[in-house]
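Q: Chains E and Y, in that order, are what the protein sequence lines are. Numbering-wise, my numbering comes out as the position in the first sequence, counting from 1, plus 53. Numbering-wise, my numbering comes out as the position in the second sequence, counting from 1, plus 168.
In short, the hints are calculated from the structure, not lab data. Just so you know, even glycine gets a beta-carbon here, dropped at the ideal spot from N, CA and C. Careful, some of the hints might be misleading.
Unchecked claim - Restraint-style ranges between C-beta atoms, simulated for each label pair:
| id | chain 1 | residue 1 | chain 2 | residue 2 | range |
| --- | --- | --- | --- | --- | --- |
| 1 | E | His-91 | Y | Leu-660 | 32 to 38 Å |
| 2 | E | Ala-163 | Y | Tyr-709 | 56 to 62 Å |
| 3 | Y | Phe-310 | E | Ala-386 | 29 to 35 Å |
| 4 | Y | Lys-667 | E | Ser-119 | 52 to 58 Å |
| 5 | Y | Trp-366 | E | Ile-126 | 52 to 58 Å |
| 6 | E | Trp-108 | Y | Pro-362 | 22 to 28 Å |
| 7 | E | Ser-119 | Y | Asn-357 | 19 to 25 Å |
| 8 | Y | Lys-193 | E | Ala-386 | 43 to 49 Å |
| 9 | E | Gly-274 | Y | Gln-244 | 43 to 49 Å |
| 10 | E | Asp-400 | Y | Arg-668 | 45 to 51 Å |
| 11 | E | Gln-170 | Y | Trp-366 | 30 to 36 Å |
| 12 | Y | Trp-366 | E | Arg-397 | 34 to 40 Å |
Stated by the list, open to error - Footprint (simulated), chain E over chain Y, 3 or more residues, beta carbon under 8 Å:
| id | stretch |
| --- | --- |
| 13 | 343-354 |
| 14 | 376-388 |
The residues making up each chain are set out below.
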Amino acid sequence: MTTADSVDESNHGHQNEFHIHDHSHDHEEHPDGPFIAHHFETAEQQFDSGKLGMWLFLVQEILFFSGLFVAYIIYRNHNPEIFEAAHVHLDKWLGGLNTIILLFSSLTMAWAVRCSQLEQYLGCIINIVITMVCANIFLGVKAIEYTHKWELGLFWADAYTYGLPQPENQNYLLWLSLPFIVITLLSAGLATFYRVTENDFWAKFFLCIAISFLGYFIGLGIAWAVPAQEHGGHSSDHAVHGSDHGHADGEKHEADDHSGDSSGEKSHEGESHDKSDENHSAKTAVPSESVDTQAGPSVDESTVDEASGEVNMGGFFSIYYIMTGLHAIHILAGIVALTWLLYRTLDRQFRKNYFGPVENVGLYWHLVDLIWIYLFPMMYLIH
Amino acid sequence: MSTIAKQKEKLFGHAPEENFLTESKGWASWLFTLDHKRIGIMYLIGVMSAFTLAGILALILRMELFIPGEMFLSNQNYNRMFTLHGAIMVFVFIIPSIPAALGNFILPIMLGAKDVAFPRLNLASFYLWMGGTFFFILSMLFNALDTGWTFYTPYSIQTSSAVIAATTGVFILGFSSIFTGLNFIVTVNTMRPPGMTWFKMPLLLWALYSTAIIQVLATPVLAITGLLLMAERILGLGIFDPALGGDPVLFQHFFWFYSHPAVYIMILPAMGVISELISVHSQKKIFGYEFIAYSSIAIALLGFLVWGHHMFTSGQSEMVILIFSALTFSVAIPSAVKVFNWVATLYKGSITLTTPMCYALSFIFLFGIGGLTGLPLGTLSTDVHLHDTYFVVAHFHYVMVGGTLIAFLGGLFHWWPKMFGRMYNEKGGQLGALIVFIGFNLTFFPQFIMGSRGMPRRYAKYDPEFQIFHQISTIGAITLGIGLAIAGYVLLMSLYRGKRAPGNPWAASTLEFQCSSPPTFHNFEHDIILNDPYDFESIEYDERVGGYVPVLEPAEEPKSVPQPEPVETT
Chain E
54 MTTADSVDES
64 NHGHQNEFHI
74 HDHSHDHEEH
84 PDGPFIAHHF
94 ETAEQQFDSG
104 KLGMWLFLVQ
114 EILFFSGLFV
124 AYIIYRNHNP
134 EIFEAAHVHL
144 DKWLGGLNTI
154 ILLFSSLTMA
164 WAVRCSQLEQ
174 YLGCIINIVI
184 TMVCANIFLG
194 VKAIEYTHKW
204 ELGLFWADAY
214 TYGLPQPENQ
224 NYLLWLSLPF
234 IVITLLSAGL
244 ATFYRVTEND
254 FWAKFFLCIA
264 ISFLGYFIGL
274 GIAWAVPAQE
284 HGGHSSDHAV
294 HGSDHGHADG
304 EKHEADDHSG
314 DSSGEKSHEG
324 ESHDKSDENH
334 SAKTAVPSES
344 VDTQAGPSVD
354 ESTVDEASGE
364 VNMGGFFSIY
374 YIMTGLHAIH
384 ILAGIVALTW
394 LLYRTLDRQF
404 RKNYFGPVEN
414 VGLYWHLVDL
424 IWIYLFPMMY
434 LIH
Chain Y
169 MSTIAKQKEK
179 LFGHAPEENF
189 LTESKGWASW
199 LFTLDHKRIG
209 IMYLIGVMSA
219 FTLAGILALI
229 LRMELFIPGE
239 MFLSNQNYNR
249 MFTLHGAIMV
259 FVFIIPSIPA
269 ALGNFILPIM
279 LGAKDVAFPR
289 LNLASFYLWM
299 GGTFFFILSM
309 LFNALDTGWT
319 FYTPYSIQTS
329 SAVIAATTGV
339 FILGFSSIFT
349 GLNFIVTVNT
359 MRPPGMTWFK
369 MPLLLWALYS
379 TAIIQVLATP
389 VLAITGLLLM
399 AERILGLGIF
409 DPALGGDPVL
419 FQHFFWFYSH
429 PAVYIMILPA
439 MGVISELISV
449 HSQKKIFGYE
459 FIAYSSIAIA
469 LLGFLVWGHH
479 MFTSGQSEMV
489 ILIFSALTFS
499 VAIPSAVKVF
509 NWVATLYKGS
519 ITLTTPMCYA
529 LSFIFLFGIG
539 GLTGLPLGTL
549 STDVHLHDTY
559 FVVAHFHYVM
569 VGGTLIAFLG
579 GLFHWWPKMF
589 GRMYNEKGGQ
599 LGALIVFIGF
609 NLTFFPQFIM
619 GSRGMPRRYA
629 KYDPEFQIFH
639 QISTIGAITL
649 GIGLAIAGYV
659 LLMSLYRGKR
669 APGNPWAAST
679 LEFQCSSPPT
689 FHNFEHDIIL
699 NDPYDFESIE
709 YDERVGGYVP
719 VLEPAEEPKS
729 VPQPEPVETT
């Protein structure tokens, strides 16, 4: 780096030959601001690079999920009856609720980007926090959905025990919620601590985190409240859960039951029958859906179930858990990224010519949203 | 004039007092560096270590095959050895070799940039590489992997060997590769200097760009495949496991959807290196620049459409086989376009048989054989006979070793003076290249013959009728090992005994030969002088510098950016 100076000496008479770079001021601030890296000429070049990089990352993400979508298509094609039978266990109202929550969080995310462009500090903070609250609500609802299925034994293929007696006292929900409880309490405690010690920055930061993670418990509450009204598969699952005892028998006779299935389906025969029972209660719970759910399965089951005997719905739930699970991991990653944004926004690092990180996290968040928009109808709204 | 000469000596001559190697000292300055050149050097050391390890495994395998029966490896250990040889060579060595090691060093300098677009991501991808390699070593130490590098289900679900550690390694290495590719695409897109349009880029950049496209588009599919395989083993998802209603051939589709394009991740950068070497060392403007550039992109895109040719015998419909077969042949077209262009470049060029040129000529010969033997494998009727025989082994070694490794070595010799500022012993380098060429052909040519006579791959024991071929092959492998050792020795000795390299020892016209050898931390201490990358008239020999310098005119405008018209004054 120091050579430039000596070269400059000899070069002096012939300035029109070369421009010798002088890097001696290099460790000082970039003329465009403190957050412009030394190897970029302008803030604009840095922004463009970051944005292109993010888009490529999103392409990569889509291809990452593409394998799962292909697996879904193939298994649905091979075993349509499993999908028909299994999707009634998913609560389309909770799924729909989560869709709306994610869509709303995309709005607040986009709003946060706009605020950071306009240097509206407070608006940016509020929107980031709302986005994080929504992310946590989503996870709360998801936790209820997951644990409810686990209690019924609706696991992936190898662990699938639906219809068999389930072990007592599994605290699935508690275990899932534990990290959220810890983070909420910890950040609330830290917020109080910093409030007392008058460290304004960290007090604000942890207050925002605590508020965000409260969203998880809101999600739990909503998901518990929804089945109280009579809706779709979720409430019917409760009914099934209650009569679990009867199912152990029902499972054994399943093959027999299926032989009469094509006729039994429409005439509501066989109360102990596992699948028609499911469809039946789903239909009675949501009368408006009854026509649709009836048409599909009755055709397929008559042809396929006899051959495959006990249809192990685990195949569907394998795909369901791996797809929604990976999506949930992406939501968690989004929460981490939003926390990073929250810190930087509170630190007032973003400005008119430097808001790339907010924009890029926003792009990522929209992609996570988009993937859910595909997952929801593929999993929950099968006809 | 004398001032200009002095200037030239300063700018294009020997290394300045401070370069990127000496700029800061200590372990931490290397481990936490964001400098693309240092990251490139760390990658170079890493991939060469992996290569040495996997190469030793290959030699052990060849020794075992010297006699038809068991010599010192049990069948189980033989399976482990060839699995680790293949997996380490493919995932840890070849894929990162040219893009991550050479590319990291060269690409930003070729663009006249100070660094890649995301230096921190660059360092992160190096550490991901380290992490992935760590898991591979782990899988080697504890119940070594024995599935073959392809991890085919259902065996990879049933075996007790360390599949999870290995797939974790593959997953992590995949993200290392994705981030490198992402970085390169953004760097080429946004950091080209003013005046360097797409068609004024050196061809290596086109090749690395095409490679990066594949890395970003294909590798995530491998990542999800690895993840699903892990989940299959841990949880029992039933997606690939037929016992749970899964489809094992789906795994093959997923795997080859990545791994076939990955073949082009391996060969495309090699083609880019060869385009540079052929042109520079025959001092002739590259023939058909645009065809070579477009053929790189064409190979990258067509590479996504041919994965099914790995599964001709796995139970696909005849129609599918027909389509994949036809698409496979279509990849031969852009590959052949490149070869013809290189040969046309050599025609009437002033060829000097420097070490890089020796490797480049070997490449054309060996890649020609490797590419052409791919055609019978892409034809259904012949593939049914040749599938899973040594013919396949010989074919992909001709492409991967005869292609990529040879190009990597050629590139390493070509850019070695730039990296470390030392010239190697030319005679020693040439000797190494010759022995590598002979040893390589001795190793793999007999495998074509025994493969076509029905010797299956991956067998620890074989019928005595194949013994002579195996013995020639083993002798060839030892020769190849000696040649590589000589090449390595020549390079390492140059660090101690080599004379100091000028900025441009090869009369090359690309930008990386305009900065000093080794470059300084910021690469360029002056405004770059942008010429056509293959215009050798714009370069002249300067005795005071001891190397080549750009032709400069005293009256030249300041900030001389595009200077297409060379002026012959001295």
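Q: With reference to the structure, classify each hint as holding or not holding.
A: Right, here's what the structure says about each hint:
{"no.": "1", "hint": "E:His-91 <-> Y:Leu-660: 32 to 38 Å", "verdict": "holds (33 Å)"}
{"no.": "2", "hint": "E:Ala-163 <-> Y:Tyr-709: 56 to 62 Å", "verdict": "holds (60 Å)"}
{"no.": "3", "hint": "Y:Phe-310 <-> E:Ala-386: 29 to 35 Å", "verdict": "holds (30 Å)"}
{"no.": "4", "hint": "Y:Lys-667 <-> E:Ser-119: 52 to 58 Å", "verdict": "holds (54 Å)"}
{"no.": "5", "hint": "Y:Trp-366 <-> E:Ile-126: 52 to 58 Å", "verdict": "violated (37 Å)"}
{"no.": "6", "hint": "E:Trp-108 <-> Y:Pro-362: 22 to 28 Å", "verdict": "holds (24 Å)"}
{"no.": "7", "hint": "E:Ser-119 <-> Y:Asn-357: 19 to 25 Å", "verdict": "holds (24 Å)"}
{"no.": "8", "hint": "Y:Lys-193 <-> E:Ala-386: 43 to 49 Å", "verdict": "violated (37 Å)"}
{"no.": "9", "hint": "E:Gly-274 <-> Y:Gln-244: 43 to 49 Å", "verdict": "violated (57 Å)"}
{"no.": "10", "hint": "E:Asp-400 <-> Y:Arg-668: 45 to 51 Å", "verdict": "holds (48 Å)"}
{"no.": "11", "hint": "E:Gln-170 <-> Y:Trp-366: 30 to 36 Å", "verdict": "holds (31 Å)"}
{"no.": "12", "hint": "Y:Trp-366 <-> E:Arg-397: 34 to 40 Å", "verdict": "holds (35 Å)"}
{"no.": "13", "hint": "343-354", "verdict": "holds (count 5)"}
{"no.": "14", "hint": "376-388", "verdict": "holds (count 5)"}
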